[in-house]
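Enquirer: Going down the list, the protein sequences come from chains A and B.
Numbers 0 to 401, taken from numbering that gives the first Met the number 0, label the letters of the first sequence in order.
Numbers 0 to 84, taken from numbering that gives the first Met the number 0, label the letters of the second sequence in order.
It is worth saying that the hints were derived from the structure and are not from the lab.
Computed from a predicted structure; not experimentally measured.
Here a beta-carbon is modelled for each residue, glycine too, at the ideal position from N, C-alpha and C.
Careful: at least some of the hints might be erroneous.
[Claimed, not checked] Looking from chain B toward chain A, a few residues come up when the C-beta cut is under 8 Å (computed):
no.	residue
1	S34
2	V38
3	N57
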Amino acid sequence: MKRVVITGAGTINALGHNVPDTLEAMREGVCGIGPLAFRDVERLQIQIGGQVRGFEAEGHYNRQQISLYDRFTQFTLAAAREAIEQSGLSFTDDLSARSGVVLGTAGGGVSTWDDNYRAVYEEGKNRVHPFVVPKLMNNAAASHVSMEWNLRGPSFTVSTACASSNHAMAQAFAMVRSGMAPVMVTGGSESMLCFGGVKAWEGLRVMSRDACRPFSANRNGMVQGEGAGVFVFEELEHARKRGAQILCEVAGFAMTSDASDIVMPSKAGAARAMEGAMQDAGINRDEVGYINAHGTGTAANDKTECAAVADVFGPHADNLMISSTKSMHGHLIGGTGAVELLACIMALRDGVIAPTIGYQEADPECALDVVPNEAREASVTVALSNAFAFGGLNAVVALRKH
Amino acid sequence: MNTQDQVIAIIAEQALLEPSDVTPDSTLESLGIDSLGLVESIFAIEEAFDINVPFNANDPEASDFDISTVASITEGIERLKAEQS
Chain A
0 MKRVVITGAG
10 TINALGHNVP
20 DTLEAMREGV
30 CGIGPLAFRD
40 VERLQIQIGG
50 QVRGFEAEGH
60 YNRQQISLYD
70 RFTQFTLAAA
80 REAIEQSGLS
90 FTDDLSARSG
100 VVLGTAGGGV
110 STWDDNYRAV
120 YEEGKNRVHP
130 FVVPKLMNNA
140 AASHVSMEWN
150 LRGPSFTVST
160 ACASSNHAMA
170 QAFAMVRSGM
180 APVMVTGGSE
190 SMLCFGGVKA
200 WEGLRVMSRD
210 ACRPFSANRN
220 GMVQGEGAGV
230 FVFEELEHAR
240 KRGAQILCEV
250 AGFAMTSDAS
260 DIVMPSKAGA
270 ARAMEGAMQD
280 AGINRDEVGY
290 INAHGTGTAA
300 NDKTECAAVA
310 DVFGPHADNL
320 MISSTKSMHG
330 HLIGGTGAVE
340 LLACIMALRD
350 GVIAPTIGYQ
360 EADPECALDV
370 VPNEAREASV
380 TVALSNAFAF
390 GGLNAVVALR
400 KH
Chain B
0 MNTQDQVIAI
10 IAEQALLEPS
20 DVTPDSTLES
30 LGIDSLGLVE
40 SIFAIEEAFD
50 INVPFNANDP
60 EASDFDISTV
70 ASITEGIERL
80 KAEQS
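Work the whole structure out from these sequences, hints included.
Expert: Take a look at the structure:
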């Protein structure tokens, strides 16, 4: 079994257009959630979200690229560029042939579906742009990353709702650990902040109209975000030989299925995923200093997640820190685990724990150290990142300080 | 059909029961309607009466639309119809 490290990180999300800006915002407890701005927003009941601002495709991509890149692909390529440039890798010869890209997304090109349904149904047009299908397909982002950086090894897209990125990163990790690939580009992306994307979520009655307040007794639902997080996972010796900068080690993962309900979370499924990730990584529970929570800010998730943490960690649950950065960047759905992995890297590398902002009232059902409102300095050697998806599909990734 | 009969028809369909098995003081819980069933029932009510029911599954008691029984739902619909017409 090989050891796996992260040698590059990139992102774009409501908190920043790159990793340094995003981490700075997390340290400062900045809220990236605000009024949504897009066509027909006035017809929505839910009008807030963590929208990426000041990112216009025209400044980044040419006309032909824009005709092929949905916003979720645009986000992915921006994040991938930052990550791969940081890693210093260029993919040629055998490295190119064996390295690939595994990304997560729940909806793929949602705004491309939205725009084109509008054209044919609402506006009565009988013709759509020839590239609608290659633009909206869920694997478009992974394919464009592979083409841009010459990644010719195992490449595909994982779609498991809110756990998509964690499932993707777990898969990429397994491929590098097994020796199947020396390097994998991985993470995820989502861009559902358009009329149809938000309208669909609104129907479920789990969205907040004012703020995402994870673990707070007065929380009233989730808030959607958008963006991407992309990482370079590299085999340790490969990274060492070329003197690469190592951000942290990926130590293990676990995936579980609740096999119980299509939307309600399960304490047992979440607990088995956290336990499994620690077992896979050879980590004792008292080594875990920080958990980046799934922490959606819904009544059901937060109390179930806290109960699962209490079950898994026993008395140590009171010593560790658990925060939800969704309070700042919103819920990026299929991209969320990737952006949240940045908070784990910051905890391990910089000794800074991102806060849960918007925290107002203690909830006895979430009686853990949720790092309320202000970031904290702490030395952490092991961190977990949780993702528990609709459909009961869970994925937890374990990271270790390097 | 009056409002209450329409509510009974919607709730009965959701609970997979005959309308005769649903009474004004039936609670949704007693009829075996879970949280997903509740959200679906509210959607059906909004469609049937062309109203917006202020309901957040995270905090069902936050709004003054009382979903505890068939009678309280009927009362809430009558009020919303008057307010939103």
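Enquirer: All hints, please: hold or fail.
Expert: Tested hints:
1. S34: Because about 7 Å separates S34 (chain B) from the closest Cβ in chain A, which is inside the 8 Å limit, the hint holds.
2. V38: With a closest approach of 5 Å, the V38 (chain B) hint holds.
3. N57: For N57 (chain B), the interface hint holds, since the closest Cβ of chain A sits about 4 Å away, which is under 8 Å.
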